[in-house]
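Engineer: Here is what each chain is made of, one letter per residue.
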Amino acid sequence: MTSSLLLQRRVAITACGCVSPLGIGWQATRNALLCGDDCVSLVTSFDTAQCQCKMAGQVNDEQLQPASSRRWHRCSRMLRTALEEARRARPNFHPEICFMATTSGGMSFGEAFFHRRRSRNSSQSAMHIAGYMPMQPIQDALISLDWAPPCRIISNACASGTNALGLAFLAVRSGRYRSVLCGGYDAISQLVFAGFESLKVMTPEKCRPFDALRTGLILGEGAAVFFLEDLEEVLRRGIPILAEIAGYGTASDNHHLTQPHPSGLGVRLAVERALASAHFTPQSIDYINAHGTATLQNDLSEAQALLALLPETPVSSTKAMMGHALGAAGAIEAAFCLHALNGNFLPPNLNFRQGDTPLRVVANTSRPAKIRRILSNSFGFGGANACLALQSL
Amino acid sequence: MSLHVQGIAWVSPIARGIDNLIAVLHQPTKSMDKPPLTLTKQLRLRRSGRISQLALTAVMDALVDANKEPTAQTALIFLSTHGGICHTIRFFESVTAGGTHAGSPIFFPETVYNAPPSYIAAHFGINGMVTSFVGDSAAVGGAICTAEEWISTGLCDQCIIVSAEEIHPLLQDAYHCLRLGPGRFGGAPLSEAAAAILLSYELKGSAIRAHPGAGIKKRSNLLPVLFRILKETAASDVPDMILTSALGREAQTAERTAVAELWPHINTLYAKARLGESFAASSLGAIVIGEALLRLGNMHSVLISLPGGNGQVSAVFLNSGNLSKEGP
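Respectively, the protein sequence lines represent chains A and B.
Be aware that the first sequence starts at 53, since it is given in the working numbering, and climbs by one per residue.
Be aware that the second sequence starts at 384, since it is given in the working numbering, and climbs by one per residue.
Rather than coming from a laboratory, the hints here were simulated on the basis of the structure.
Each hint should be verified, as a subset may be incorrect.
[Unchecked claim] Not the full set, but computed from the structure, chain B residues with beta-carbon under 7 Å of chain A:
hint : residue
1    : H484
2    : P492
3    : F516
4    : G598
5    : F610
6    : W646
Every residue, glycine too, gets a C-beta built ideally from N, C-alpha and C.
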């Protein structure tokens with residue numbers, strides 16, 4: 053183990069591209085975070101009339117890069133837009149490998165194929181099938197940029213985004229790779245919306261993470277990408293650094309397929325491992341971007357774990373602003389953390405009135421703060437728990 | 384230091400267990416005359432999809448084969464191309480029939496790609512590095528590379544890689560639309576299946592190395608990229624056999640051309656013709672077959688070609704002796 057520690061490289065984020073309901077691009081995202089914009093809107097792409105929840109955080113398609121082919125899914129457009137933003141900031145980056153996260157990929161294409169086959173309409177079926185596969189959107193986006201790195205697509209439910217960044221971090225840290233592309237993407241689809249509706253975890257009103265009277269989550273969508281590079285090499289070449297990924301922790305709580313362990317066991321393990329991986333003390337953390345879906349069980353278990361480990365650290369869930377983007381959530385929220393680090397402010401936890409725990413929630417409005425170290429949490433079905441540790445330099 | 388294959392498993396209607404697998408490969412005409420597949424029954428799996436049952440059964444078999452138990456330091460990588468497609472389609476059928484509000488809550492949780500590894504982790508008490516990759520055959524190379532990265536950096540001391548696929552008529556329909564599959568398209572019939580391997584640095588079993596792979600920008604790039612990857616993966620070692628895994632059409636043609644150019648007289652086995660098409664599980668199964676053949680003692684090395692259908696290519700090399708220091 054000692055020799056492994058000695059060989060560990062430090063990992064820098066040199067560029068970021070983000071597409072979310074908050075907006076497209078660095079400035080739009082920053083402004084929305086600072087202002088605490090509520091970017092949730094009525095779902096119109098499928099019928100939600102009889103659903104408990106009728107809202108979602110949705111990306112404005114008019115601001116996305118146009119599709120290079122009619123075979124492209126919306127995810128491909130979101131990814132291309134995010135990649136273009138990152139490339140503008142770091143034009144000479146060439147990824148040796150790519151780690152991407154998604155839970156549903158081109159699901160709406162799969163839905164379309166299902167409907168067409170059932171109605172015995174075979175037109176465009178091949179297009180829908182090709183675009184439905186979860187790895188196709190990132191393949192499309194990469195090829196459009198004339199990139200062809202090996203790709204590893206992670207699908208660990210709602211922890212996927214943080215897992216992808218974590219695996220990319222480990223790849224650079226190990227010294228095997230010097231330049232790694234990572235991120236996550238997911239788009240609203242009827243199947244997934246119906247899935248969460250069926251579990252009765254969606255709210256009929258506002259998404260209120262950590263609020264005592266919270267009633268459930270709202271779904272979202274988007275894509276975020278990051279360029280990770282060997283930090284010492286980047287410093288030597290004078291390349292600007294957005295932040296450092298200092299550590300990563302993951303844990304499986306083995307409790308239930310959809311419910312977190314009520315004691316917050318998995319959360320606690322993931323956070324402890326991230327802190328250990330980064331060599332951070334709990335007291336040195338300035339802000340926690342929580343998973344905070346606003347479901348009864350998740351928020352309680354997460355709060356219990358955070359109170360046990362970091363009781364004094366400000367916490368917010370940005371899902372109240374844009375919904376839960378599932379596989380993309382961890383990646384998008386990491387982008388929000390970059391804003392917090394670079395802008396020295398705490399992103400707000402909207403719609404918060406009163407908590408049912410002593411958690412120090414950043415209620416409703418952003419506020420300035422000296423921020424150097426952040427933890428970003430993501431937890432998912434199957435007991436998947438992941439935590440990323442970031443710091444500014 | 385090389386990674387070694389500690390245990391292997393194959394589970395499918397055609398064959399379960401390594402001895403049965405080898406027997407089927409030798410006597411394919413009897414492969415269809417099989418009793419129904421019996422999978423592990425666990426209370427946790429009572430509502431699970433078949434893919435989870437297949438995956439857990441394969442992991443159990445691989446651990447028995449290895450004569451090992453998972454520890455707290457054991458990592459788990461699950462790999463699938465289509466995931467829990469049966470539950471996904473059943474769930475969407477309930478939505479289509481009744482509306483967005485009417486989906487069945489029994490089916491939805493099983494649609495997530497990481498449902499199978501969550502059952503495996505819960506069964507064995509694994510609470511560390513557990514991840515799910517989505518991909519086709521080339522993703523197997525990525526999974527093995529990930530396992531090697533984790534073990535070499537001390538994140539775990541051994542890693543289980545398991546892949547499982549289930550099938551559905553709509554999936555068959557989909558591949559027919561893509562002009563892939565059996566008959567005139569030159570591929571193999573679909574089959575549910577699961578494969579599992581246990582890897583560690585312990586000097587037992589064949590040494591294994593995987594190419595991290597590469598992407599394909601366009602179809603015409605497939606042959607030169609595959610050629611390069613096969614060559615780099617074998618390095619200075621000359622394999623005794625190639626296990627091919629192409630689905631059909633261009634990928635198979637490219638595979639045959641690349642192999643003929645690199646090793647014109649090499650033995651080639653297209654196991655899918657006997658076992659059926661199970662996507663990522665077939666490719667991990669090819670590694671199982673390779674290890675099983677090496678255990679027979681008639682060969683020293685096997686190369687598994689992994690040209691995926693979604694723009695990724697990889698390859699894996701198995702050697703019953705020591706691997707050369709070269710390699711990807």
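Engineer: Mind listing which of the numbered hints don't hold for this structure, in increasing order?
Structural biologist: 5, 6
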